[in-house]
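**Student:** Residue-level listing of the chains:
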Amino acid sequence: MSIFVDENTKVIVQGLTGGQGRFHGLRNRDYGTKVVAGTSPSKAGTDVDGIPIYANMAEAVAETGATASFVVVPPAGACAAILEAAEAGISFIVCITEGIPAQDEARTYARLVQNFPGTRLLGPNCPGIISPGKCNIGITSGDIALAGGPVGIVSRSGTLTYQALYELSSQGVGQTTCVGIGGDPVPGTNFIDCLEAFQADPDTKAIMMIGEIGGSEEERAAAYIAEYVTKPVVSYVAGVTAPPGRKMGHAGAIISGSQGTAQAKMDALRAAGVTIALNPTEAGNAMIEVVKNLK
Amino acid sequence: MDLFEYQGKQYFARFGISVSPGGVADTVDEAVVQADAAIYPVVIKAQVKVGGRGKAGGIKLANNAEEVRLHAGNILGMDIKGHVVHRLWVEHSSDIEKEYYASFTLDRPNKCHLGMLSKEGGVEIEVVAEENPDAIAKLSIDPIIGLTLEMATAWVAAADLDEPARAQAAELLVKLYTCYVEGDCDLAEINPLILTTDGKVHALDAKVTLDDNASYRHPEWADFAWGETEDVREQMAKEKGLNYIGLDGTVGIIANGAGLAMSTLDVVNQVGGSAANFLDIGGGASPDVMAAALEVINSDPKVKAIFVNIFGGITKVDDVANGILEALNRVSINAPIVLRLDGTNAAEGRALLQPHLSDRLIAEPTMLDAARRAVELAGK
Chain A
1 MSIFVDENTK VIVQGLTGGQ GRFHGLRNRD YGTKVVAGTS PSKAGTDVDG
51 IPIYANMAEA VAETGATASF VVVPPAGACA AILEAAEAGI SFIVCITEGI
101 PAQDEARTYA RLVQNFPGTR LLGPNCPGII SPGKCNIGIT SGDIALAGGP
151 VGIVSRSGTL TYQALYELSS QGVGQTTCVG IGGDPVPGTN FIDCLEAFQA
201 DPDTKAIMMI GEIGGSEEER AAAYIAEYVT KPVVSYVAGV TAPPGRKMGH
251 AGAIISGSQG TAQAKMDALR AAGVTIALNP TEAGNAMIEV VKNLK
Chain B
1 MDLFEYQGKQ YFARFGISVS PGGVADTVDE AVVQADAAIY PVVIKAQVKV
51 GGRGKAGGIK LANNAEEVRL HAGNILGMDI KGHVVHRLWV EHSSDIEKEY
101 YASFTLDRPN KCHLGMLSKE GGVEIEVVAE ENPDAIAKLS IDPIIGLTLE
151 MATAWVAAAD LDEPARAQAA ELLVKLYTCY VEGDCDLAEI NPLILTTDGK
201 VHALDAKVTL DDNASYRHPE WADFAWGETE DVREQMAKEK GLNYIGLDGT
251 VGIIANGAGL AMSTLDVVNQ VGGSAANFLD IGGGASPDVM AAALEVINSD
301 PKVKAIFVNI FGGITKVDDV ANGILEALNR VSINAPIVLR LDGTNAAEGR
351 ALLQPHLSDR LIAEPTMLDA ARRAVELAGK
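Protein sequences, first through last, are from chains A and B. To convert, note that position 43 of the first sequence is 43 in our numbering; the numbers rise steadily by one, no gaps. To convert, note that position 233 of the second sequence is 233 in our numbering; the numbers rise steadily by one, no gaps.
Excised from the complex, chain A in its bound form (with noise of 0.2 Å):
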């Protein structure tokens, strides 16, 4: 099984007009995944190698069933794209629009929350979700990923996404689900949604999870993680030595004062009983060793 999606999954692409969304949505496509539709305001009619484009949200929805969407829209309409997406009765969106202001994403995670509960946003900021040999939306390249689990991955960053599928699949450790949940202050998807998923999903069998400095989500999750999790869990915080004070190239990775250290973020996970990798490689090994063991 997989988390979030899966094989039957239909996708609207947001901006499928667009130099970035034909781009991705059609790899998406060509990987396998349904999409079904596009949305444009003014090229509904049209199509994109074979996918109609609607003038809308609604329209595209009750035309084709989709449940899910992919928004590909610059950050000054991204936010507005995600409303329309929830209205319209999507249940999934994966936005990977990078430098959404924080006042307009905490606006409408709020929005989200009070007027659509039954709507969950992946990202902004983040690589998608692939659930490999199934379903890909977003910017993740399908060829790195191994179907057939047993691994779920969560993680903050997308290179280091796209490492970690490396490392595993390299060496025939598949994977059940790899979630991007993106490295902006206002996670719509975070990890302790993932782990909750992972740790319900019969197919996965034990947990990569890849964090970086900033906030304190990581430091929840190992909470969430002693009291719930009961499958084995491999870790790797990025950012041991970031100096304090400065945006580490994603808009959340910062450490405020003593805050969002990876040193505490490695603690708290480790006293949880995560197992701890010092670098990308590291994870990767410590995980085919736990998978090797399983069973």
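Check each hint, because a few of them may be wrong.
To give a feel for the contact side, a few chain A residues facing chain B, derived at Cβ under 7 Å [as the list claims (entries may be wrong)]:
{"no.": "1", "residue": "Gln103"}
{"no.": "2", "residue": "Gly158"}
{"no.": "3", "residue": "Thr159"}
{"no.": "4", "residue": "Gly273"}
{"no.": "5", "residue": "Ala277"}
{"no.": "6", "residue": "Leu278"}
Read the hints as simulated data drawn from the structure, not as lab findings. Don't be surprised by glycine CBs; every beta carbon is placed ideally from N, CA and C.
We have chain A; now place chain B onto it with these hints.
**Tutor:** Chain B alone, transformed into the frame defined by chain A:
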């Protein structure tokens, strides 16, 4: 982007938040002019983006032009925790009755806004939080509802601010919240927020961090570009549109993706070296970007080896390899380069580079191997 105090006060003033009259000065003579305009006594404050200015001697009271000359002369050029003072803020001195603290920031775990208000201001809020957490009245704010005057009025009472300050403080807090939200701040902090002996409430200091992601809708932020970074490398990187942070080590870093770049710093550190910078060239890694990245790193005299760490996802490693080769044709590099290329089309990429490898351009199979080699070269 962090603002200097004077910029923060200018920003506050746009939102109607009361600050002391004053002006900036880059020379002793200018300080005297500003002091005369602000009316004596005045306070001369070093403009540096670091705390602890007062203790370092960067804030002084002056009663006349002679004292302004003395203090301004001492403070200009002063080094405060590695920050050299190039600019002063000179303002009319306030008669302080009480010092409070107020701030708004994002409550990341709860995905809402967090207001903090305390009647114990003028000291570091972290210290108050540690020693007397009950003295901080926290307010969780729904971003959709915002902060109303009614809520602010209840809040100043809950924080137990002195009676004469409450009504003015509540009004000021609503303005500060507006500044935080409409002004796209990551942090809007006043410490101390004061009650003067004649019963006025105003901001005696300003600490503002702007959300860089919102710069597209704030053309006025261009006014705050002065002194944004003292690091010439960062200045150069900014001009080239690179995501660069200068550090003190000897291994120059180029990586694609923020997480991988951070991880590269960590790995270099683990094998006994130290990074000269953080640099994320993003997904594309075109020859232009690669050349720009190498130029910035090349300008750093401390760099003794360069570690290029690329993991191809959507970006194909052979495209990156071509980018590196073309960049090397354009830029003459002082330090040896160690490459680690992995991911999509890694074999093709490595094959492209093979004929060009030398003791100045070295390829290693893994991130750890490459880090070790770069650190070894940097140590020579």
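**Student:** Does each hint fit the structure? Answer for all of them.
**Tutor:** Going through the hints against the structure:
no.: 1; hint: Gln103; in the structure: holds, 6 Å
no.: 2; hint: Gly158; in the structure: holds, 6 Å
no.: 3; hint: Thr159; in the structure: holds, 3 Å
no.: 4; hint: Gly273; in the structure: violated, 22 Å
no.: 5; hint: Ala277; in the structure: violated, 11 Å
no.: 6; hint: Leu278; in the structure: holds, 6 Å
Checked against the numbered hints above, the structure violates hints 4 and 5; every other hint is satisfied.
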